Amino acid sequence: MVNLGIDLNGLSLKNPVMTASGTFGFGEEYEDFINIDDLGGIVVKGTTLHHREGNPYPRMAETPSGMLNAVGLQNKGVDYFISDIYPRIKHYKTGIFVNVSGSTIEDYIATAEKINELEHIPGIELNISCPNVKEGGMAFGVHCPSAVAVTEAVRKVYKKHLMVKLSPNVTDVTEIAKGVEGVGADSVSLINTLLGMAINVEKRKPALSTITGGLSGPCVKPVAVRMVWQVFNAVKIPIVGMGGIMNAYDAIEFMLAGATAVQIGTANFIDPTVTIKVIDGIKDYMTRHNISDVNELIGGMIIE
Amino acid sequence: MVNLGIDLNGLSLKNPVMTASGTFGFGEEYEDFINIDDLGGIVVKGTTLHHREGNPYPRMAETPSGMLNAVGLQNKGVDYFISDIYPRIKHYKTGIFVNVSGSTIEDYIATAEKINELEHIPGIELNISCPNVKEGGMAFGVHCPSAVAVTEAVRKVYKKHLMVKLSPNVTDVTEIAKGVEGVGADSVSLINTLLGMAINVEKRKPALSTITGGLSGPCVKPVAVRMVWQVFNAVKIPIVGMGGIMNAYDAIEFMLAGATAVQIGTANFIDPTVTIKVIDGIKDYMTRHNISDVNELIGGMIIE
Amino acid sequence: MKKVELLTVTKNRRINKEYVIIHAASNEKLPEIFPGQFVEIKVENGPNTFLRRPISIHEVDESKNEIILLIQEIGEGSRLLAKLREGDTIDLIYPLGNAFSIPSKGSKALLVGGGVGVAPMLILGRVLKENGVEPHFLLGARSKEILMELDNYEKIAEVGVTTEDGSLGIKGFVTDHPLMNEKLGEMEIVYTCGPDPMMRAVAKKAKEKDIKCEVSLENLMACGIGACLCCVVDTKDGHKCTCTEGPVFDTKELKEW
Amino acid sequence: MKKVELLTVTKNRRINKEYVIIHAASNEKLPEIFPGQFVEIKVENGPNTFLRRPISIHEVDESKNEIILLIQEIGEGSRLLAKLREGDTIDLIYPLGNAFSIPSKGSKALLVGGGVGVAPMLILGRVLKENGVEPHFLLGARSKEILMELDNYEKIAEVGVTTEDGSLGIKGFVTDHPLMNEKLGEMEIVYTCGPDPMMRAVAKKAKEKDIKCEVSLENLMACGIGACLCCVVDTKDGHKCTCTEGPVFDTKELKEW
Ligand SMILES: Cc1cc2nc3c(=O)[nH]c(=O)nc-3n(C[C@H](O)[C@H](O)[C@H](O)COP(=O)(O)OP(=O)(O)OC[C@H]3O[C@@H](n4cnc5c(N)ncnc54)[C@H](O)[C@@H]3O)c2cc1C
Ligand SMILES: Cc1cc2nc3c(=O)[nH]c(=O)nc-3n(C[C@H](O)[C@H](O)[C@H](O)COP(=O)(O)OP(=O)(O)OC[C@H]3O[C@@H](n4cnc5c(N)ncnc54)[C@H](O)[C@@H]3O)c2cc1C
Ligand SMILES: Cc1cc2nc3c(=O)[nH]c(=O)nc-3n(C[C@H](O)[C@H](O)[C@H](O)COP(=O)(O)O)c2cc1C
Ligand SMILES: Cc1cc2nc3c(=O)[nH]c(=O)nc-3n(C[C@H](O)[C@H](O)[C@H](O)COP(=O)(O)O)c2cc1C
Ligand code: FES
Ligand code: FES
Chain Y
1 MVNLGIDLNG
11 LSLKNPVMTA
21 SGTFGFGEEY
31 EDFINIDDLG
41 GIVVKGTTLH
51 HREGNPYPRM
61 AETPSGMLNA
71 VGLQNKGVDY
81 FISDIYPRIK
91 HYKTGIFVNV
101 SGSTIEDYIA
111 TAEKINELEH
121 IPGIELNISC
131 PNVKEGGMAF
141 GVHCPSAVAV
151 TEAVRKVYKK
161 HLMVKLSPNV
171 TDVTEIAKGV
181 EGVGADSVSL
191 INTLLGMAIN
201 VEKRKPALST
211 ITGGLSGPCV
221 KPVAVRMVWQ
231 VFNAVKIPIV
241 GMGGIMNAYD
251 AIEFMLAGAT
261 AVQIGTANFI
271 DPTVTIKVID
281 GIKDYMTRHN
291 ISDVNELIGG
301 MIIE
Chain H
305 MVNLGIDLNG
315 LSLKNPVMTA
325 SGTFGFGEEY
335 EDFINIDDLG
345 GIVVKGTTLH
355 HREGNPYPRM
365 AETPSGMLNA
375 VGLQNKGVDY
385 FISDIYPRIK
395 HYKTGIFVNV
405 SGSTIEDYIA
415 TAEKINELEH
425 IPGIELNISC
435 PNVKEGGMAF
445 GVHCPSAVAV
455 TEAVRKVYKK
465 HLMVKLSPNV
475 TDVTEIAKGV
485 EGVGADSVSL
495 INTLLGMAIN
505 VEKRKPALST
515 ITGGLSGPCV
525 KPVAVRMVWQ
535 VFNAVKIPIV
545 GMGGIMNAYD
555 AIEFMLAGAT
565 AVQIGTANFI
575 DPTVTIKVID
585 GIKDYMTRHN
595 ISDVNELIGG
605 MIIE
Chain G
609 MKKVELLTVT
619 KNRRINKEYV
629 IIHAASNEKL
639 PEIFPGQFVE
649 IKVENGPNTF
659 LRRPISIHEV
669 DESKNEIILL
679 IQEIGEGSRL
689 LAKLREGDTI
699 DLIYPLGNAF
709 SIPSKGSKAL
719 LVGGGVGVAP
729 MLILGRVLKE
739 NGVEPHFLLG
749 ARSKEILMEL
759 DNYEKIAEVG
769 VTTEDGSLGI
779 KGFVTDHPLM
789 NEKLGEMEIV
799 YTCGPDPMMR
809 AVAKKAKEKD
819 IKCEVSLENL
829 MACGIGACLC
839 CVVDTKDGHK
849 CTCTEGPVFD
859 TKELKEW
Chain F
866 MKKVELLTVT
876 KNRRINKEYV
886 IIHAASNEKL
896 PEIFPGQFVE
906 IKVENGPNTF
916 LRRPISIHEV
926 DESKNEIILL
936 IQEIGEGSRL
946 LAKLREGDTI
956 DLIYPLGNAF
966 SIPSKGSKAL
976 LVGGGVGVAP
986 MLILGRVLKE
996 NGVEPHFLLG
1006 ARSKEILMEL
1016 DNYEKIAEVG
1026 VTTEDGSLGI
1036 KGFVTDHPLM
1046 NEKLGEMEIV
1056 YTCGPDPMMR
1066 AVAKKAKEKD
1076 IKCEVSLENL
1086 MACGIGACLC
1096 CVVDTKDGHK
1106 CTCTEGPVFD
1116 TKELKEW
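Protein chains in written order, with our numbering: chain Y, 1 to 304; chain H, 305 to 608; chain G, 609 to 865; chain F, 866 to 1122.
One thing to keep in mind: the hints can contain errors.
As the list claims (entries may be wrong) - The calculated EDC-like cross-link candidates involving lysine to aspartate or glutamate, where the alpha carbons are at most 16 Å apart (straight line), are:
no. : chain 1 : residue 1 : chain 2 : residue 2
1   : G       : K716      : G       : E738
2   : H       : K507      : Y       : E304
3   : H       : K394      : H       : E421
4   : F       : K1117     : F       : D1099
5   : H       : K509      : Y       : E304
6   : F       : K868      : H       : D575
7   : G       : K611      : Y       : E31
8   : Y       : K277      : G       : E613
9   : G       : K848      : Y       : E53
10  : F       : K948      : G       : D696
11  : H       : K463      : H       : E423
12  : F       : K907      : F       : E941
13  : F       : K868      : H       : E332
14  : G       : K691      : F       : E909
15  : G       : K611      : Y       : D32
16  : Y       : K283      : H       : E506
17  : Y       : K205      : H       : E608
18  : Y       : K203      : H       : E600
19  : Y       : K205      : H       : E600
20  : F       : K948      : G       : E652
21  : G       : K815      : G       : E796
22  : F       : K929      : F       : E893
23  : H       : K509      : Y       : E296
24  : H       : K318      : H       : D584
25  : H       : K507      : Y       : E296
26  : F       : K868      : H       : E335
27  : F       : K1072     : F       : E1051
28  : H       : K587      : Y       : E202
29  : H       : K581      : F       : E870
30  : G       : K863      : Y       : E53
31  : G       : K860      : G       : D818
32  : F       : K907      : H       : D575
Unchecked claim - Sample of chain F residues lacking proximity to chain H, with all beta carbon distances greater than 10 Å (derived):
no. : residue
33  : E893
34  : E897
35  : E931
36  : L945
37  : N963
38  : N1017
Think of the hints as simulated: they come from the structure by calculation, not from any bench. On a predicted model such as this, the values are computed, not experimentally measured, just so you know. Even for Gly, the Cβ is constructed at its ideal location relative to N, Cα and C.
Let's have the full structure, built from the sequences with the hints guiding it.
Okay, structure coming up:
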């Protein structure tokens, strides 16, 4: 028997495999395919203080080994989440994280305060890296002072696990990771999508209604693994790694680079059962390599 | 007949298709496959003041729709280029650019001064964005003050076309583009490689001897197109776009986003005749779309 | 219940230079499938076919547990699908989406398909007939060469045809056909699937005559199961997912239709 | 002169559970090909096979303008190649790299291949013999099941065999075979291709007896034509490209060999 349990700065997860926000709905969308309780954790769709319609269609474009999205945080607001969705999903025996976004620091605070009251939500993922909204979002996450300010403010009102989701669209991701660690983030998750763009050449028009959008999928994996490794060498809090994970090998790559847990996003679209395959694949790998505890993989890359 | 000729801030190229530094040797490597004179321009391998052995093997890893490289500017130095290579290639009837790199500003200046003397080299591409060297390279290109300083210094000694190659590993590429435009760059080229990394999971070792390396190929195209478009909206000097171009459609995408010319890199490895196919494909597209002058494509994306 | 499953290709028949019909058999009893529903198919081995492709269910053969798909070769994904051979496996998520509504017994319905949009009309026609509704097909294409084989439709009901070049049926667009004009008033409902301009033209005619019109939209999809929110359409009720709340919508619900 | 060309697969024969032999025919007369040279082959339709794969030229059939490749299924690329069918086209850049040197007439040469490293030894053995050199093959494998078919080699010369499990020939590694011990002193030259540890062990024995040793390296390659500088090996003369200045190197040139 191998141990798959990990500790996220005091919060135990039964295994290191989580789902990424915006790619797994509220878990319910995947109930036909897998048993949600088998997952280490799920991060539900980005939630804001108020209802948001999101961006106009078209919102996605396929790219080589990846996709662009410009959903723009479409959601019915935190109150709807609490009244309608939370009661339906709170029974999941997995770590449920709410991904919180906002246009102003006040928005973030107000949303986090409300979620703080929910018994079955052990943590939030502070989304300061959404590239698809005009105000807030990534604007917070690409500059250290604002990233620190919003984290600090939310830390004051939010008492449970505070994970901060970092943007890859920066010169130095370690600066921001250290900044949010300094003001009390319990963990960092990375990467959110890379800012990208595509043009329909025949129509000579942008592929997305918003012109630019967020790039995800295997194409971003090398950048994501590099950033996880850089952050691993810069901070002490646990890292949740993501960006292009398609199989157990990819997940292990992130752990070897320094991630304590991983999130799987776009791959869920290709194979709604991928998360379970990744968990099984990690077990197989551990057995094959004679590793009894998954924690041994964390930062386990051998440098000669 | 369609016009393919473009003007790069006073420098005429017979068509907008160039090759990217480090992927096309000195042109000679491709003579068996294509007629070099058919190209708009070629940028030869990164050249430094002194001989460099480059990084240890392994220097490359395949990634989804792309590759990582860690060549590290292996070259025999500018004097060898002038004495041995230049005489062999100066007869090419295409715009030959030398990609110049260095560890210090003095290196850049000394190299550029020497190349300034070469009659058949109409321009240099100032590489302030190589992610694969310990000193200099990308360190110059990711911060505006140093990018400006090296460009300004080289501008003083280099009298012909000065193209500055920008790094994508930055929070705001427009800041740096505007900075180098301000001190006399004749054009900017982008993107150099994205900093990435891969781990061999079975061996638990980094795939590259240098751990991190430069990501190129179709996987980076959405990021590259986005940056070209951002820079197009920020500067007046021409832009040479690159990153993942595999075919004429990709090249046109860059031009619609704002590039006056394009460079093709990694695709040469997959198909050594790709450049010619791209030139032909642009002609076909223009005929099909009733466009008589390729310059009409530049920045021609229609935003509603 | 949706599922992800490997099916085996039992037949791949080219019907003209643009279209193939693929039969794919499940080892299990097929789940209940309603007209208008679709599958998300994984295109193996395509460097540029990262996402699944949504394809309507053209027909089902319950006796063989087969799903039948009509595929138009348009890009890399569909071209690779068209190359599938007997015995190859395909990875499907299905059945997805809502379904066309079935009007009351004895009523008449017009089924207007253009191009590959005819795909869901075959199963719809059959099911309507089984439910005592009188279906009328109206199929449009650019030219006779790329029109579907009409036999299967004709087995179910009368088939009106338009071609843009006049090579078969009425010359012009579907909206030029008598079924869309003189006969439209008799219909309880009009269903349409095809190119956007065609569907809008059909919807407009239906609206003028105040006849219920259901369209099947082909929005770009990433997940097909309501998780990504990429496939939205603007409705009077805000953004709705085409993959779960559609692909079939009553045009009355839609904004700007 | 190197060229990029579409060839047609004329035969794809599985020789055991790990290896296939593919024949690919050109429409034109083959360029001159030397033993030790290789091709860069494009793996179509692989989502994770972006770069070409370097594969040694196993043999050529000039009468049919065929290039023959021996392929070991090891990852996604080689698995897709192994699935090629007669009539499929493959996109090759060839011929690439330098070649093994040919010693003077009448001398003896030992050709040591391990695993898929036997690939260039067949053409080398034939050409040596044609040039009046006496070749001796020594082929190693993990087990009999995955050893090459020996007929083609035996037609040219005597074949020594080692298997790690002793299922054929001498049990052990190639360096345990008499050809690498008692007989080594008779050889003018030793050629070797195979796993790195094997080649190093062979090179060490050759060095001890002061016999010239040429190795064929399998460094990772991106371009195969000297443009990318990814495939370098550390020589006493600095970094050299395995794809143009190799893949064959005299071990004396190499650092740390
Ligand atoms: C609900 C639904 C049902 C459909 N039913 C059928 C059907 O029965 N038969 C059929 O042949 N086609 C059907 N389509 C369209 C089909 O999904 C696309 O034609 C197909 O995805 C194109 O893939 P490709 O790789 O061949 O083309 P690409 O090269 O990817 O693109 C060619 C064109 O197809 C469009 N396209 C690409 N990806 C998608 C996508 N994921 N969703 C929608 N459009 C896309 C592009 O915008 C482009 O204009 C349906 C689409 C939807 C949404
Ligand atoms: C000059 C030369 C001649 C070769 N001759 C043969 C031959 O005759 N027959 C044969 O079966 N194989 C030969 N190889 C090795 C062959 O290129 C690799 O096994 C093949 O590229 C693996 O591809 P894959 O997609 O199946 O495996 P992958 O899944 O890509 O990788 C499997 C393993 O192969 C290695 N590999 C991957 N790509 C390359 C690459 N471009 N170059 C070298 N190694 C790689 C990886 O490090 C990994 O360990 C030769 C290699 C070289 C450099
Ligand atoms: C369609 C889509 C919607 C997303 N929505 C959100 C979101 O609401 N909040 C967020 O923090 N990240 C969002 N993301 C980013 C993912 O959570 C993840 O960071 C990114 O996709 C990289 O991982 P992947 O390559 O595994 O998808 C979204 C991604 C996609 C593809
Ligand atoms: C093997 C390799 C070597 C490279 N060497 C250089 C170099 O010496 N100087 C430079 O400015 N860029 C170098 N580059 C970057 C390319 O010129 C180009 O900016 C990048 O690869 C993106 O374009 P592509 O996706 O078309 O390859 C190199 C890229 C590769 C793949
Ligand atoms: S396609 Fe993902 S929600 Fe509809
Ligand atoms: S593989 Fe590119 S130089 Fe050898």
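Results for each hint:
no. : hint              : in the structure
1   : K716/G x E738/G   : 13 Å, holds
2   : K507/H x E304/Y   : 12 Å, holds
3   : K394/H x E421/H   : 13 Å, holds
4   : K1117/F x D1099/F : 12 Å, holds
5   : K509/H x E304/Y   : 8 Å, holds
6   : K868/F x D575/H   : 11 Å, holds
7   : K611/G x E31/Y    : 10 Å, holds
8   : K277/Y x E613/G   : 15 Å, holds
9   : K848/G x E53/Y    : 10 Å, holds
10  : K948/F x D696/G   : 13 Å, holds
11  : K463/H x E423/H   : 12 Å, holds
12  : K907/F x E941/F   : 12 Å, holds
13  : K868/F x E332/H   : 14 Å, holds
14  : K691/G x E909/F   : 14 Å, holds
15  : K611/G x D32/Y    : 7 Å, holds
16  : K283/Y x E506/H   : 14 Å, holds
17  : K205/Y x E608/H   : 8 Å, holds
18  : K203/Y x E600/H   : 15 Å, holds
19  : K205/Y x E600/H   : 15 Å, holds
20  : K948/F x E652/G   : 14 Å, holds
21  : K815/G x E796/G   : 12 Å, holds
22  : K929/F x E893/F   : 10 Å, holds
23  : K509/H x E296/Y   : 15 Å, holds
24  : K318/H x D584/H   : 13 Å, holds
25  : K507/H x E296/Y   : 15 Å, holds
26  : K868/F x E335/H   : 10 Å, holds
27  : K1072/F x E1051/F : 14 Å, holds
28  : K587/H x E202/Y   : 14 Å, holds
29  : K581/H x E870/F   : 15 Å, holds
30  : K863/G x E53/Y    : 14 Å, holds
31  : K860/G x D818/G   : 10 Å, holds
32  : K907/F x D575/H   : 9 Å, holds
33  : E893              : 15 Å, holds
34  : E897              : 14 Å, holds
35  : E931              : 22 Å, holds
36  : L945              : 14 Å, holds
37  : N963              : 15 Å, holds
38  : N1017             : 31 Å, holds
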